[in-house]
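S.K.: In order, the protein sequences belong to chains A, B and C.
Residue numbers for the first sequence, in this note's numbering: 11 to 700.
Residue numbers for the second sequence, in this note's numbering: 1090 to 1403.
Residue numbers for the third sequence, in this note's numbering: 33 to 347.
Be a bit skeptical, because a hint or two may be false.
Unchecked claim - Taking lysine to any residue pairs in the SDA-like style, the calculated list, with each CA pair at most 20 Å apart, reads:
1) A/K184 - A/L89
2) B/K1137 - A/K184
3) B/K1298 - A/V480
4) A/K419 - B/K1137
5) A/K437 - A/V480
6) B/K1298 - A/L479
7) A/K419 - B/R1289
8) A/K419 - A/E446
9) A/K426 - B/R1289
10) B/K1137 - A/S367
11) A/K426 - A/Y447
12) A/K627 - A/D208
13) B/K1298 - A/K184
14) B/K1137 - C/I167
Claimed, not checked - Facing chain A, according to a computed beta carbon distance under 8 Å, are these residues of chain B, among others:
15) A1255
16) H1259
17) A1296
18) K1298
19) G1302
20) P1314
21) N1315
None of these hints come from the bench; they were simulated from the model.
Each residue gets a CB set at the ideal place from its N, CA and C atoms; glycine is no exception.
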Amino acid sequence: MAPLLEVNDLRTQIKLREGVVHAVDGVSFQLEPGETLGIVGESGCGKTMTALSIMNLLPTGGHIAGGSIKLNGQELTTLSDEQMRNIRGNEIGMIFQDPLTSLNPTMTVGKQIAEAVALHREVSREQAMDRAAEVLDLVGIPRVRERIKEYPHQFSGGMRQRVMIAMALACEPKLLIADEPTTALDVTIQKQILELIDDLRIRLGMSVILVTHDLGVIAGRADRVAVMYAGRISETTDTDTLFNRPRHPYTEALFQALPDKAADAGERLYSIPGLPPDLVNPPAGCRFAARCRYAVDRCRAEEPQLVSEVAGHEFRCFYPVGPSERTDTGRLATYNAAPAEAALAGPGIGDVLLDVSHLVKDYAVTKGAVLQRRVGWLSAVADVNFTIRSGETFGLVGESGCGKSTIGKLVVGLEKPTSGSISFEGKDLAKSSAREYRRERRNIQLMFQDSYASLDPRMRAGTLLREPLVIQRLGSKQEQLKKVAEMLDKVGLPRTAADRYPHEFSGGQRQRLGFARALMLQPELIVADEPVSALDVSIQAQVLNMMKELQHDLGLTYLFISHDLGVVRYLSDKIGVMYLGKLVEVGPAEEVYLRPAHPYTKGLLDSAPVADPGAEKAKVSEGVTGELPSAIHPPSGCRFRTRCPFAQAICADVEPPVQRFAGEGHLAACHFPLQTALGDAVTASAALPE
Amino acid sequence: MAMMPHADPAGAGTLIPEAAQDLATPGQSEAKSRSMFRRGWEVFAENKLALAGLGFVIFILLFCFVGPHIYVTPQVTVQTQNYMCHPSSAHLLGCDDLGYDVVGRLMVGGQNSLKVGLAAAFVACLFGSIYGAVSGFIGGIIDSFMMRIVDAVLSIPFIMVVIILAVLIHPSAGTLILVIAATYWPGPARLVRGETLSLRTREYVSAVKVAGGRNSRAVLRHVMPNAIGTIIVQATFAVADSILILAGLGFLGFGVPPPATDWGSMLSNGLQYVNLNTWWLIYPAGILIIATVVSFNFIGDALRDAFETRLQRR
Amino acid sequence: MTGYLIRRLLQTIVVTVIVTIITFLLLHLVPGGEVRAILGVRASPVEVRTYSKEWGFDQPLYVQYGKWLWQMLHGNFGFDLKQNAPVSTLIWAALPRTIVLAFIGTGVGLLIGIPLGILQAVRRHSVADNVLTGIAFVGYGSPTFLVGLLLVQWFAVNLHIFPPFAPQATSIGGILSDPVALILPVATYAFVAYALWSRYMRSSVMDNIVQDYVRTARSKGASERRVLWGHIFRNSLISIVTLLGLQLPVIIGGAIFIEVVFNYPGMGLLFYDAALNTDIQLMLAITVLTTLITILGNLLADIGYAMLDPRVRYA
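So here's chain A without its partners, still in its complex pose (with noise of 0.2 Å):
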């Protein structure tokens, strides 16, 4: 069968004020009809622009310099504007990563249905909206001829991006390009968006190219991969080779720095050292040797060719790794056994350091702008209870909107509880006085999610670590000074860094910053909110195995807030899951992981990604099901009965009681638990064991 699309060497440059960037390099692959291709790789390495090449839509400055791309047999390259319009849309349809930015905010969705439609197809403005109900309804939105009216503003973020694949569908082009689809989304909506491109790719016989950064999406969807790095393709096979015999190093150190694959051992994740090269001058060698642990004078001063050793297993690497015909794996083994032992051995539980107890936050919904009465109150916390205790790290995960920030908000003072109480070291803070409570600031520190945003970009590194110091007004001058340049060494920066100022920083240095400042108090709390999800793989395995290090090192203890179910399962010892306000389990990390009992947190596990095909290919369940209900008009009872596969009459109707489950501290709040309850907890708190 003759492939649908072939790249031959593309190269595509950028013209920035700098010089010309490089972005794609002499990319080639193919595609047949119904297969999906992933690329995968980090920020920058080219991935969006060998997608947006393809569509001829490169951004101001872009251009293709070379090579060539055939749909069909047909030339792309050279056709003139308007033949290309004729392909883009009819015969190629591109979704995007933001489907709120990308659909056009004052247009109905209808109408931009339809306009792709009329585009491409010789039909009435009547035919073009009924073409663009069909794919409505084609893609799962419900309630179709009421919607097709409505803005985007109007859909929630899965639905709105339902619509651009409707959009991108519309014309029934043979290939779709998915750029970072569901990297806007929350889990459980990105398993129904995977699924949907999935299941409209087999029933329309289309192939589809799946961009993404998330190697756990690659593994169950695509048939083969495409791994980019630094413009160019390192390596390229079929999904279940590349991840069960990666044959390039950079392949091979992805996988180990993914904390879910390392979370079983508790080893020390891998982290590629450094940053990928500078596109503008690229290096002569092998574009990964400056970050490669294998890498010799050859692959310095020689660029390695794609060569295979097997039909349809393609890399770039004088030096492959993996057990094909070389045995020396010992190597890595070896390299990564010595640092891993030391830091791993935590610092030993002790007692309750944190206790939040039957926490209650509101926000006022208001309306009108002289006299701002309440028309009602959003429930953003709703009687949460959980205790940290020291040198423990407590994972809490759940998708936006599930109130798991403003818990961390609600620890470090940022926000005031409605109700309840939070006591650290059994001190009540909301109790201590002003003076005490600055005080008291000092053991609970916070580390961001956006460290761009977090540190002030009119100061300098060294400036920002002092201030905490400062304002506690704690030693004189030069101790302070001191001490800035002890946690650099600490965190890993050099100490020059503390003259830079924030936008000079790299975003894995930034987060760095940012943690090493929230350490400048001496704290025996962090709380950190979502502290490597801006991050890419490799960088986010340097970020997390430098705070499990300081973790030891300090003694410290963790509230650590964040989405990825893989990278909490690594760091902590105990989880809580939270749904729309209330925490509907919470138990050990591995308990909650093998044995979850809450319908939610089962659903929550089976929609996460996971980079092994196997395990993917294997999943049954649907996830979960449906939206995220409003938190200003919550459901009755259980939260979660609305997507509850299991839900009765009794959920809508009774809240349902926390009960015990096997495993210490193990607590769920549900009528239908996945296994069989040990007895009732009155609350979370009171039942544990302290």
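Following the hints, complete the assembly by docking chains B and C onto the known chain A.
M.R.: Here is chains B and C on its own, set in the frame of chain A:
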């Protein structure tokens, strides 16, 4: 309560220009840290129009304030013998109806135009910024009320108020400054309030609170330094606007009273003789007003870019 | 949208009240008080005292304010001693003329400025863009009266193409029946408006052109023309509408200069004459009225904005 959807690790992939910039600037670990001022200047200096504007403003300041010491002309007593004389080697741009040398007149008139323009802009921006910052920081009902006052003042055609005030209060350079400032402040106030509102919710302000810092520290050390750029840009535009307003007042006869003058008053005077084709009474003053105003606008535009940290990153 | 409109309406009422207070207080800034404002600076103390008693100017400020407001609500702005006519009569005669001129002038400026602004944004950094940017900067930096006077000098005095004065007819029909005389004042208005709006439109289109939804439209196979007019244009206009509302005071304020230059008998000229006569009462009445018009215009602009932007309409 707005919970962030998880930020995208590879998200830069869709923000294409940024992603491309990231490609071009990995790490920067070698780069020496230049001061913010220095980097801002580099962005500014890239804007050729702004450099030209800056050059012209420096030139015009020297012309008006140093010029009279070099090119000495009588500007107080009427020189009837020079009535409306044409440009010549003795009077480069001729003389006006009172026999004043026009070049010399442009210098002293310019002194007033620039003094009033700069001072009015300064006073308006100072008051407006404080007003806006206070309003934005207090928030709530007081903020609403303070902003309605701003709305009210903004909806009054300010040129009318300026004229009323100029009629009521006898115009002098000093009162004109206050009059212009009294009507111009709401613009900066509204802008600074918006900036304050957005800055106070920034995470780096939260970070100060987490470390136990007081509000005053957050405002003085973090909000103000980050708002100052906006204020300076606004002040630059305010200078241009004030010079224009003063010119308008001069034209209507409410400018700096004689024997002193300003560019607007000079124009107004020259326009009485339009039919005599005395171009030297109109064009030089007109061109100086336009060039000065345009220069300040160029500088303001470039300053706005220079204060944008995003553009400094490279 | 109802919520939004009610909110805006409430704000408008509050702003209107504040405006009346400010103008009322301005009246009291006059040396010797509001009576002198009416009787003139040279009135004798006895005259002032008699007049004060007669018209209630010796009462507390808030009582006076209440009465003043009450009278104004009934369209009664007092009697102008200097022009020997009720203030309202003077204003009602001049107001429509100003509105006609401002409307036509701004309209022409928008009709030129918006398309050129779009052109500049689409072909940014081209020769045409740079030239037009230069013209707009000069237009933006020129005093309105200077533009008007130069046009008079060139086209009326030197070339004798157009008359140097605007139509002097009292009725709207009369003014419009002399379009040739209207050209120069309209051109002055339009040039200043063009400079402003082409700048705004250029940056608004440039903001929109880099948005993701534009890329989506292209990915559907839409032509550049369709992308521009079907997608970018409407989104760019939305921000322009609000700005139009905010610029109203400037537009009406500009009327003073243009009407003085072309001797056009509108509110601006009436205001200028009042200023020369130190007729504070008339000046304040005009100010209050024009302010109310701008507030109303602002409200209309915001309603238009709400209708154009579905995010507000269906909030």
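S.K.: In ascending order, which of the hints set out earlier in this document are inconsistent with the structure?
M.R.: Failing hints, ascending: 2, 4, 5, 10, 13, 15, 16.
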